[in-house]
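K.L.:
As they're listed, the protein sequences go chains A and B. Going by my numbering, the residue at position 112 of the first sequence is 186; the numbering climbs one at a time, nothing skipped. Going by my numbering, the residue at position 116 of the second sequence is 1534; the numbering climbs one at a time, nothing skipped.
In short, the hints are calculated from the structure, not lab data. Glycine included, C-beta positions come from ideal geometry on N, C-alpha and C. Where hints are given, some of them may not hold.
DEER-style ranges, computed between Cβ atoms [as the list claims (entries may be wrong)]:
#1 N199/A / N1510/B: 49 to 57 Å
#2 S154/A / K1596/B: 28 to 36 Å
#3 L272/A / K1486/B: 22 to 30 Å
#4 D93/A / L1599/B: 19 to 27 Å
#5 D1582/B / D271/A: 15 to 23 Å
#6 I1442/B / S164/A: 42 to 50 Å
#7 S164/A / K1486/B: 57 to 65 Å
#8 N1510/B / K177/A: 20 to 28 Å
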Amino acid sequence: MEKAIIFDSGTLITLSMNDLLEMLRELKKKFGGKFIITKEVENEIVTKPMKIKRFKLGAMRLKKLIEDKTLEFPDALGISQNEISKIASSILKDANAMFIAQKRPVHIIDLGEASIMALSKLLRNKKIANLIAMDERTTRMLCEKPQNLERLLSKKLHMKVIQQKQGNRDFYRGDFIRSTELIFVAYKKGILPKNKDLLDAMLYAAKFKGAAISSDEIKIMERL
Amino acid sequence: MQEHEHVVNVLEEAKQAAERGDIIRLKQLSDQTIHSTAIYQDSDNILVAIIVYSLSKLLERRQNYSPKDFEKYFKYYLDTIDYSRNCINQNNCPLFRDRIKEMLSYRGLSSDLKKSVGEVFEKAKINKASKIYEHGISMGSTAKLLGISLWDLTSYVGQGTINDMKEGETLNIRARVKKALDFFE
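With these hints in hand, go ahead and build the complete structure from the sequences.
P.N.:
Structural data, given as structure tokens:
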């Protein structure tokens, strides 16, 4: 069975900032499937940062992953940008109409995140098993536990935020991992040295560079 | 602009706080506009949050600048706040935006202060972006709204306590790890 991991910008940025792209290359070799990014993600991880001096090196390293086909585009699995764009706009519309504050919808997610959910749906339709690697928490909350997002919005905005409708069924079918789970897999697969201290350092480095994982979760992970 | 009465009040109070040198109050006032910013995602509301926060940072660093240079810019900054209040009261946001642009490229500043002002504004944008993300808006949406890079936002967000909020735990960690390991089998 074909399989793929769809990468969001944040996960790749975290790995690049922590000098863990070689680990990603090794993971790809052991994976037996494809690592996919959308055009929107390429724009965020390569095109834009190439113009910003302090991120240029990171962007160049990520570009190399595209050149050596560690990261590929959806057409490698027979999916066109047009198909993604069409579904992404419908997901975007639904997601951004889901929560209401002061009688108006709250704009929760952006096109980049919607394009990843769209791609995941298209792959499922093609019977290609897939995981979404995403470090930011909002999209993950929207898909895995929208009631938590409703609670967070209400708490932070100091007002009642209502989940107006159940949302697109496609939201609830994506499976998410983060850069921290990729690090853990690399550790278990022997790609990283068997050193608990090093694992701890890497997991926290990913957390401090933006992976939305709590310290409690890291503690549990380290005991597994 | 959304909630313009509230924004005008925030600016008025910000000016008073700045005159007292009350940096903490300035930071609080800047956060007060974040709730409406997260809901309405109005760029003018964001700009207000940024100028108030930047003012607090400039005051915090005032020892680093020549007193004469700083006082001159500080006065201009406070005049800009008055001017902005008038623009917002008259519902003339384009004029308000132009004045802020002008303030950023204010002539006659020493190169040190000029560089610092630019830096403070950029950092203020990232700080406000992290607050909006904290409110539950996605990273992509937030970065776009503030016109900043996801690279800046990602690393800044990780340094705070946002990722330790219980709401962020949406699936048992053992189940998530198992899912990842199984997928690599």
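K.L.:
Decide, hint by hint, whether the structure agrees.
P.N.:
Hint check:
1. N199/A / N1510/B: 49 to 57 Å: 51 Å Cβ-Cβ, so the 49 to 57 Å window holds.
2. S154/A / K1596/B: 28 to 36 Å: At roughly 33 Å between Cβ atoms, K1596/B and S154/A fall inside 28 to 36 Å, so the hint holds.
3. L272/A / K1486/B: 22 to 30 Å: Violated: the Cβ-Cβ distance is about 53 Å, outside 22 to 30 Å.
4. D93/A / L1599/B: 19 to 27 Å: holds, 24 Å
5. D1582/B / D271/A: 15 to 23 Å: This hint holds: roughly 22 Å between Cβ atoms.
6. I1442/B / S164/A: 42 to 50 Å: Taking Cβ atoms as reference, I1442/B and S164/A lie about 46 Å apart, which means the hint holds.
7. S164/A / K1486/B: 57 to 65 Å: holds, 59 Å
8. N1510/B / K177/A: 20 to 28 Å: holds, 27 Å
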